[in-house]
Amino acid sequence: QKEVEQDPGPLSVPEGAIVSLNCTYSNSAFQYFMWYRQYSRKGPELLMYTYSSGNKEDGRFTAQVDKSSKYISLFIRDSQPSDSATYLCAMERSNDYKLSFGAGTTVTVRA
Amino acid sequence: DAMVIQNPRYQVTQFGKPVTLSCSQTLNHNVMYWYQQKSSQAPKLLFHYYDKDFNNEADTPDNFQSRRPNTSFCFLDIRSPGLGDAAMYLCATSRGNTETQYFGPGTRLLVL
Numbered sequence: 001q002k003e004v005e006q007d008p009g010p011l012s013v014p015e016g017a018i019v020s021l022n023c024t025y026s027n028s029a030f031q032y033f034m035w036y037r038q039y040s041r042k043g044p045e046l047l048m049y050t051y052s053s054g055n056k057e058d059g060r061f062t063a064q065v066d067k068s069s070k071y072i073s074l075f076i077r078d079s080q081p082s083d084s085a086t087y088l089c090a091m092e093r094s095n096d097y098k099l100s101f102g103a104g105t106t107v108t109v110r111a
Numbered sequence: 001d002a003m004v005i006q007n008p009r010y011q012v013t014q015f016g017k018p019v020t021l022s023c024s025q026t027l028n029h030n031v032m033y034w035y036q037q038k039s040s041q042a043p044k045l046l047f048h049y050y051d052k053d054f055n056n057e058a059d060t061p062d063n064f065q066s067r068r069p070n071t072s073f074c075f076l077d078i079r080s081p082g083l084g085d086a087a088m089y090l091c092a093t094s095r096g097n098t099e100t101q102y103f104g105p106g107t108r109l110l111v112l
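Protein chains in written order, with the numbering used here: chain H, 1 to 111; chain S, 1 to 112.
Treat the hints as calculated values from the structure; they're not laboratory data. Built from N, CA and C at the ideal position, the CB exists for glycine as well. Mixed in with the good hints there might be a few duds.
Here are the simulated DSBU-like cross-link-like pairs (lysine-lysine), alpha carbons at most 35 Å apart as the crow flies [as the list claims (entries may be wrong)]: (1) H:Lys56 x H:Lys2; (2) S:Lys38 x H:Lys42; (3) H:Lys2 x S:Lys38; (4) H:Lys42 x H:Lys56; (5) H:Lys98 x S:Lys44; (6) S:Lys52 x S:Lys17; (7) H:Lys70 x S:Lys44; (8) H:Lys2 x H:Lys67; (9) H:Lys98 x H:Lys67; (10) S:Lys38 x H:Lys56; (11) S:Lys17 x S:Lys38; (12) S:Lys38 x H:Lys70; (13) S:Lys17 x H:Lys42; (14) H:Lys98 x H:Lys70; (15) S:Lys38 x H:Lys98; (16) H:Lys98 x H:Lys42; (17) H:Lys42 x H:Lys67; (18) H:Lys56 x H:Lys98; (19) S:Lys17 x H:Lys2; (20) H:Lys67 x S:Lys17; (21) H:Lys42 x S:Lys44; (22) H:Lys42 x H:Lys70; (23) S:Lys17 x S:Lys44; (24) H:Lys67 x S:Lys38; (25) H:Lys70 x H:Lys2; (26) H:Lys70 x H:Lys56; (27) H:Lys42 x S:Lys52; (28) S:Lys52 x H:Lys98; (29) S:Lys44 x H:Lys2; (30) H:Lys42 x H:Lys2; (31) S:Lys52 x H:Lys2; (32) S:Lys17 x H:Lys98; (33) H:Lys2 x H:Lys98; (34) S:Lys17 x H:Lys56; (35) H:Lys56 x H:Lys67; (36) S:Lys38 x S:Lys52.
With beta-carbon atoms standing in for the labels, derived distance ranges [claimed, not checked]: (37) H:Ser69 x S:Thr26: 27 to 33 Å; (38) H:Ser40 x S:Asp59: 23 to 29 Å; (39) H:Asp78 x S:Phe15: 47 to 53 Å; (40) S:Glu99 x H:Ser68: 23 to 29 Å.
Please build the complete structure, drawing on both the sequences and the hints.
The structure is reproduced here in structure tokens:
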């Protein structure tokens, strides 16, 4: 069983829709949670970084963490064609340098 | 702008011909990482440096080596590339433990 499982997608949504992305994890030692966006043939860029259960908002993006259920989500409101990318969840243990990534979900927002 | 720079962006090599990929950073971060990412897969950590301390992942093939001559630069050497080594190679940096990792644009390696 992989440490981090991500809904595989792909997802195709119309412009303006809400995009919901999800990851589950098995190791309760994960304390830090991230979402990266990766455009085609580019490196990942950090979107959201959280370390506590609950919601964190940044513009159209909301990251949700539920440590009791070992579940994290990313919501994109009012999605735009420029949001079309692969989204990777990532997690880190305390006192560890390593990120454990999900395999990514590819999102296409249709104009 | 402070950033992570990777050169070249695209590299074509022949089967068995050594190749070196380069990463530099202007962030003055202590930690530098090398990841391998194959199509539709998660990035896979190969190794990382905390300052000059080298940390190799247990499942990283011996074919992959790394050098970090100073804080700013880190190199990935693939001694004898095989067809299975064709991938995107990502360099990342962070200030330290549990700090955010910042990724470069990647080098796409093609092995003929």
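Do the hints match the structure? See the list:
The straight-line distance between the Cα atoms of H:Lys56 and H:Lys2 is roughly 26 Å, inside the 35 Å bound, and the hint therefore holds. The suggested pairing of S:Lys38 with H:Lys42 holds, with an alpha-carbon distance near 13 Å, which does not exceed 35 Å. With a CA separation close to 17 Å, the supplied pair H:Lys2 and S:Lys38 stays within the 35 Å bound. Proposed proximity of H:Lys42 and H:Lys56 is supported: the alpha carbons are some 26 Å apart, at most 35 Å.
This hinted pair checks out: H:Lys98 and S:Lys44 have alpha carbons roughly 10 Å apart, not beyond 35 Å. For the hint pairing S:Lys52 with S:Lys17, the CA-to-CA distance comes to about 27 Å; that is within 35 Å, so the pair holds. A threshold of 35 Å between alpha carbons decides the hint, and for H:Lys70 with S:Lys44 the separation of about 22 Å falls inside it, so the pair holds. As the CA atoms of H:Lys2 and H:Lys67 are separated by approximately 17 Å, the hinted pair is consistent with the 35 Å bound.
Proximity of H:Lys98 to H:Lys67 is assessed by CA-CA distance (about 19 Å); at most 35 Å being required, the pair is judged to hold. Of the pairs offered as hints, the one joining S:Lys38 and H:Lys56 holds, with about 31 Å between alpha carbons and a cut-off of 35 Å not exceeded. For a cut-off of 35 Å, the pair hint linking S:Lys17 to S:Lys38 stands: about 20 Å separates their Cα positions. For the hint linking S:Lys38 to H:Lys70, the alpha-carbon distance of about 27 Å falls within 35 Å, and the restraint holds.
Between the alpha carbons of S:Lys17 and H:Lys42 the distance comes to roughly 25 Å, so the proposed pair stays at or under 35 Å and holds. Of the pairs offered as hints, the one joining H:Lys98 and H:Lys70 holds, with about 18 Å between alpha carbons and a cut-off of 35 Å not exceeded. Between the alpha carbons of S:Lys38 and H:Lys98 the distance comes to roughly 18 Å, so the proposed pair stays at or under 35 Å and holds. A threshold of 35 Å between alpha carbons decides the hint, and for H:Lys98 with H:Lys42 the separation of about 21 Å falls inside it, so the pair holds.
A C-alpha spacing of about 31 Å is found between H:Lys42 and H:Lys67, which places the hinted pair at or below 35 Å, so the restraint holds. Under the criterion of a C-alpha separation no larger than 35 Å, the hint pairing H:Lys56 with H:Lys98 is consistent with the structure, at around 23 Å. A distance of roughly 34 Å separates the Cα atoms of S:Lys17 and H:Lys2; the hinted pair therefore holds under the 35 Å criterion. A distance of roughly 47 Å separates the Cα atoms of H:Lys67 and S:Lys17; the hinted pair therefore is violated under the 35 Å criterion.
Only pairs whose Cα atoms come within 35 Å are accepted, and H:Lys42 paired with S:Lys44 is accepted, the gap being roughly 16 Å. Between the alpha carbons of H:Lys42 and H:Lys70 the distance comes to roughly 29 Å, so the proposed pair stays at or under 35 Å and holds. A threshold of 35 Å between alpha carbons decides the hint, and for S:Lys17 with S:Lys44 the separation of about 23 Å falls inside it, so the pair holds. At most 35 Å may separate the alpha-carbon atoms for a hinted pair to count; H:Lys67 and S:Lys38 meet this at roughly 30 Å.
Proximity of H:Lys70 to H:Lys2 is assessed by CA-CA distance (about 13 Å); at most 35 Å being required, the pair is judged to hold. For a cut-off of 35 Å, the pair hint linking H:Lys70 to H:Lys56 stands: about 17 Å separates their Cα positions. Taking the CA atoms of H:Lys42 and S:Lys52, the gap is near 28 Å; set against the 35 Å cutoff, the hint holds. Taken as a hint, the S:Lys52 and H:Lys98 pair is honoured in the structure, with Cα atoms around 17 Å apart against an allowance of 35 Å.
Proximity of S:Lys44 to H:Lys2 is assessed by CA-CA distance (about 13 Å); at most 35 Å being required, the pair is judged to hold. Under the criterion of a C-alpha separation no larger than 35 Å, the hint pairing H:Lys42 with H:Lys2 is consistent with the structure, at around 25 Å. Taken as a hint, the S:Lys52 and H:Lys2 pair is honoured in the structure, with Cα atoms around 31 Å apart against an allowance of 35 Å. Using a Cα cut-off of 35 Å, the hinted pair S:Lys17 and H:Lys98 holds, with the two alpha carbons roughly 30 Å apart.
The hinted pair formed by H:Lys2 and H:Lys98 meets the criterion: a straight-line CA distance of about 15 Å does not exceed 35 Å. For the hint pairing S:Lys17 with H:Lys56, the CA-to-CA distance comes to about 48 Å; that exceeds 35 Å, so the pair is violated. The hinted pair formed by H:Lys56 and H:Lys67 meets the criterion: a straight-line CA distance of about 14 Å does not exceed 35 Å. For the proposed pair S:Lys38 and S:Lys52, the alpha carbon gap of about 28 Å is at most 35 Å, so the pair holds.
Between H:Ser69 and S:Thr26 the C-beta distance comes to about 40 Å, which lies outside the given range of 27 to 33 Å. For the pair H:Ser40 and S:Asp59, the supplied restraint of 23 to 29 Å holds, since their beta-carbon distance comes to about 27 Å. Between H:Asp78 and S:Phe15, the C-beta spacing of about 48 Å keeps the proposed range 47 to 53 Å intact. Separated by about 26 Å at the C-beta atoms, S:Glu99 and H:Ser68 satisfy the suggested range of 23 to 29 Å.
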